[in-house]
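2 protein chains.
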Amino acid sequence: MTEIPTTTRQIVLASRPTGAPTSDNFRLETVDLPELDEGQVLVRNEVMSVDPYMRGRMNDVKSYVPPFQVDAPLDGGAVGEVIASRSDDVAVGQHVLHGAGWREHAVLPARSVRAVDTDAAPASRYLGLLGLTGLTAYVGLTAVAEMREGDTVFVSGAAGAVGQAAGQIAKALGAEKVIGSAGSANKVARVLELGYDEAFDYKETPVRDGLRAAAPDGIDVYFDNVGGDHLEAAIDSLTTFGRVAMCGAISQYNATGAAAGPSNLFQAIGKGLTLRGFIVGQYDHLAEEYRARATGWLADGLLTGDETFRDGIDAAPLAFMDLLDGANTGKMLVRL
Amino acid sequence: MTEIPTTTRQIVLASRPTGAPTSDNFRLETVDLPELDEGQVLVRNEVMSVDPYMRGRMNDVKSYVPPFQVDAPLDGGAVGEVIASRSDDVAVGQHVLHGAGWREHAVLPARSVRAVDTDAAPASRYLGLLGLTGLTAYVGLTAVAEMREGDTVFVSGAAGAVGQAAGQIAKALGAEKVIGSAGSANKVARVLELGYDEAFDYKETPVRDGLRAAAPDGIDVYFDNVGGDHLEAAIDSLTTFGRVAMCGAISQYNATGAAAGPSNLFQAIGKGLTLRGFIVGQYDHLAEEYRARATGWLADGLLTGDETFRDGIDAAPLAFMDLLDGANTGKMLVRL
Numbered sequence: 002m003t004e005i006p007t008t009t010r011q012i013v014l015a016s017r018p019t020g021a022p023t024s025d026n027f028r029l030e031t032v033d034l035p036e037l038d039e040g041q042v043l044v045r046n047e048v049m050s051v052d053p054y055m056r057g058r059m060n061d062v063k064s065y066v067p068p069f070q071v072d073a074p075l076d077g078g079a080v081g082e083v084i085a086s087r088s089d090d091v092a093v094g095q096h097v098l099h100g101a102g103w104r105e106h107a108v109l110p111a112r113s114v115r116a117v118d119t120d121a122a123p124a125s126r127y128l129g130l131l132g133l134t135g136l137t138a139y140v141g142l143t144a145v146a147e148m149r150e151g152d153t154v155f156v157s158g159a160a161g162a163v164g165q166a167a168g169q170i171a172k173a174l175g176a177e178k179v180i181g182s183a184g185s186a187n188k189v190a191r192v193l194e195l196g197y198d199e200a201f202d203y204k205e206t207p208v209r210d211g212l213r214a215a216a217p218d219g220i221d222v223y224f225d226n227v228g229g230d231h232l233e234a235a236i237d238s239l240t241t242f243g244r245v246a247m248c249g250a251i252s253q254y255n256a257t258g259a260a261a262g263p264s265n266l267f268q269a270i271g272k273g274l275t276l277r278g279f280i281v282g283q284y285d286h287l288a289e290e291y292r293a294r295a296t297g298w299l300a301d302g303l304l305t306g307d308e309t310f311r312d313g314i315d316a317a318p319l320a321f322m323d324l325l326d327g328a329n330t331g332k333m334l335v336r337l
Numbered sequence: 002m003t004e005i006p007t008t009t010r011q012i013v014l015a016s017r018p019t020g021a022p023t024s025d026n027f028r029l030e031t032v033d034l035p036e037l038d039e040g041q042v043l044v045r046n047e048v049m050s051v052d053p054y055m056r057g058r059m060n061d062v063k064s065y066v067p068p069f070q071v072d073a074p075l076d077g078g079a080v081g082e083v084i085a086s087r088s089d090d091v092a093v094g095q096h097v098l099h100g101a102g103w104r105e106h107a108v109l110p111a112r113s114v115r116a117v118d119t120d121a122a123p124a125s126r127y128l129g130l131l132g133l134t135g136l137t138a139y140v141g142l143t144a145v146a147e148m149r150e151g152d153t154v155f156v157s158g159a160a161g162a163v164g165q166a167a168g169q170i171a172k173a174l175g176a177e178k179v180i181g182s183a184g185s186a187n188k189v190a191r192v193l194e195l196g197y198d199e200a201f202d203y204k205e206t207p208v209r210d211g212l213r214a215a216a217p218d219g220i221d222v223y224f225d226n227v228g229g230d231h232l233e234a235a236i237d238s239l240t241t242f243g244r245v246a247m248c249g250a251i252s253q254y255n256a257t258g259a260a261a262g263p264s265n266l267f268q269a270i271g272k273g274l275t276l277r278g279f280i281v282g283q284y285d286h287l288a289e290e291y292r293a294r295a296t297g298w299l300a301d302g303l304l305t306g307d308e309t310f311r312d313g314i315d316a317a318p319l320a321f322m323d324l325l326d327g328a329n330t331g332k333m334l335v336r337l
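Top line first, the protein sequences correspond to chains A and B. So the first sequence is numbered by the working numbering: it starts at 2 and just counts up by one. So the second sequence is numbered by the working numbering: it starts at 2 and just counts up by one.
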């Protein structure tokens with residue numbers, strides 16, 4: 002029988018970053034675990050997700066999710082095994098998906114965890130292609146950008162977790178051509194292997210030039226993970242009634258001042274462009290539909306994705322800093 | 002019988018403006034009128050429209066409408082009487098709407114003019130509320146911003162032709178509250194008379210402050226005629242799933258450099274905002290629907306609009322310069 006721990010290690014926000022986060026902004030600490038109340042479960046986390054959007058929550062500003070609190074643990078998606086349960090709905094031994102990552106063990110209400118089948122797919126996939134990463138790519142293309150068969154689609158951050166998924170899903174949905182930008186020659190090579198039709202290294206080629214070469218007739222859809230000059234170049238390149246899914250702006254996450262918006266935004270008037278922002282939580286109603294399609298695409302080999310693993314709870318802060326630097330290819334994860 | 006003229010006076014673009022246009026950029030000239038070919042009509046223009054979007058066409062840049070050519074006549078919407086016809090479809094004496102303003106007489110293919118009933122409404126209305134001005138307001142609210150009953154709607158340039166129409170149409174469509182910004186105390190007073198629930202003078206009150214006071218709980222829809230700091234303040238104020246109809250950016254039309262985009266555009270991600278640009282020509286399919294509804298609203302007194310008239314073809318350039326300066330209330334027109 003598994004020994005039931007009475008403490009857990011967790012990562013807390015030691016101070017708010019100014020600009021790029023440093024190790025000083027994080028602290029590893031050990032805290033007591035509470036006794037289980039009726040309806041609660043104790044989960045031993047096995048793998049946790051590290052995501053760019055967390056940077057925004059480290060600032061003390063009102064946003065779509067509340068900011069992290071200083072001296073409180075960070076959180077994020079995780080999959081683990083239930084090792085104690087006071088709920089009839091969740092059995093010991095079950096693997097579950099939940100939102101209390103950044104710690105080795107978590108006490109949670111049974112109703113806040115979702116059972117996952119780790120025989121059908123590795124635990125990490127439920128944080129990636131079968132989880133919010135894949136769903137983000139899917140809803141961005143479908144509900145947000147209203148992608149149509151035959152569209153030319155541009156995805157920035159193409160080698161990131163969402164970017165890898167978006168390119169492949171766009172092809173699966175019938176895109177005529179999918180173009181990606183990424184931050185190194187190796188990443189460019191990798192996204193081409195994954196099914197992107199064209200890709201360029203934005204550190205070597207200005208985005209406008211890369212786009213013009215890859216899509217001389219323009220693009221219909223832009224899936225924006227980056228913001229900044231990527232968004233501006235995409236606006237130049239979009240055709241009439243072109244659509245932008247604004248998913249992320251990683252180029253600006255560490256900015257200490259207000260970043261200028263795209264200076265060519267007025268082009269949206271004449272070209273009838275639509276720019277629509279989203280966070281995946283606004284599209285929960287599409288999760289079932291996505292899981293069904295993604296399961297098929299995975300089985301058919303149309304959808305896959307790289308995973309970059311770091312090991313141990315103490316590796317999580319550096320994993321996050323590296324993610325913001327683009328050190329990952331595909332999904333950044335920490336094994337616990 | 003009307004004497005048939007053999008010449009016409011017209012305004013040509015003498016040179017391209019840099020920044021705000023001046024009289025030097027325009028020239029009044031007299032040219033010969035061609036003999037009518039089969040299928041053509043000769044129209045004596047009675048009233049012509051003066052519109053902000055023309056400023057963009059004075060630059061030598063590719064846009065959604067081709068640029069004006071130096072030494073060629075300007076054009077724009079006009080209504081006039083047919084005084085000679087070589088078409089069975091259009092009779093002498095008929096009033097018609099067409100695109101060859103900025104001249105006193107025009108020779109046109111009969112198929113490019115549309116008959117209007119000047120007994121039912123004055124000729125100028127077919128350039129304004131019953132024409133592209135009203136249609137612009139209507140499609141911006143409906144098809145572009147997807148306004149719903151109960152929405153709080155903000156309209157910039159509320160005292161302009163499109164702005165006056167947009168506020169009243171928003172109310173007719175069931176908006177809970179309609180807020181306007183305008184550039185003088187008199188304009189503010191006027192838009193309140195026309196049915197706006199709240200209005201403020203953006204030259205006296207920063208847009209953010211005016212919006213916060215008028216809509217403490219935020220806005221659902223922003224109808225943007227202005228761009229610049231108006232758009233930025235609106236993005237701050239928009240609620241989750243808020244929508245922007247980008248119709249114009251008059252604050253930037255005379256800019257000589259690239260204007261910075263809204264520095265808070267990233268808020269579109271968390272709030273799930275949609276910014277959609279449009280020009281009315283993209284929504285021709287809604288013209289019939291609009292005319293039917295507008296006719297009813299006019300009859301019911303729900304929709305009216307001011308008209309600022311200038312007299313004589315030689316007054317047209319100054320009318321245009323004044324329009325860009327905001328000297329008009331409602332529709333700017335030149336009687337010929």
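Don't take every hint at face value.
As the list claims (entries may be wrong) - A short list of chain B residues far from chain A (calculated; beta carbon distances all over 10 Å):
(1) Val13
(2) Ala111
(3) Ala173
(4) Glu233
(5) Gly271
(6) Lys272
(7) Arg277
(8) Asp301
(9) Asp312
Stated by the list, open to error - Distance condition first, Cα-Cα at most 30 Å in a straight line; then the derived DSS-like pairs of lysine-lysine:
(10) A:Lys204 / A:Lys172
(11) A:Lys63 / B:Lys178
(12) B:Lys172 / B:Lys204
(13) B:Lys63 / A:Lys178
(14) A:Lys178 / A:Lys204
(15) B:Lys178 / B:Lys204
Calculated directly from the structure, the hints in this document are not laboratory data. Just so it is clear, CB atoms sit at the ideal spot from N, CA and C, and this is done for glycine as well.
Consistency of the hints with the structure:
1. Val13: 24 Å, holds
2. Ala111: 30 Å, holds
3. Ala173: 25 Å, holds
4. Glu233: 8 Å, violated
5. Gly271: At roughly 3 Å from the nearest Cβ of chain A, Gly271 of chain B sits no farther out than 10 Å, so the non-interface label is violated.
6. Lys272: Non-interface label fails for Lys272 of chain B: nearest chain A Cβ at 7 Å, not farther than 10 Å.
7. Arg277: 4 Å, violated
8. Asp301: 31 Å, holds
9. Asp312: 32 Å, holds
10. A:Lys204 / A:Lys172: Distance ~25 Å between Lys204 of chain A and Lys172 of chain A Cα, so the pair holds.
11. A:Lys63 / B:Lys178: This hinted pair holds, its Cα atoms lying about 26 Å apart.
12. B:Lys172 / B:Lys204: 25 Å, holds
13. B:Lys63 / A:Lys178: With a Cα-Cα distance of about 26 Å, the restraint between Lys63 of chain B and Lys178 of chain A holds, given a limit of 30 Å.
14. A:Lys178 / A:Lys204: It holds: about 22 Å lies between the C-alpha atoms, which stays within 30 Å.
15. B:Lys178 / B:Lys204: The hint holds at about 22 Å.
The structure fails hints 4, 5, 6, 7 (numbered hints given earlier, in ascending order).
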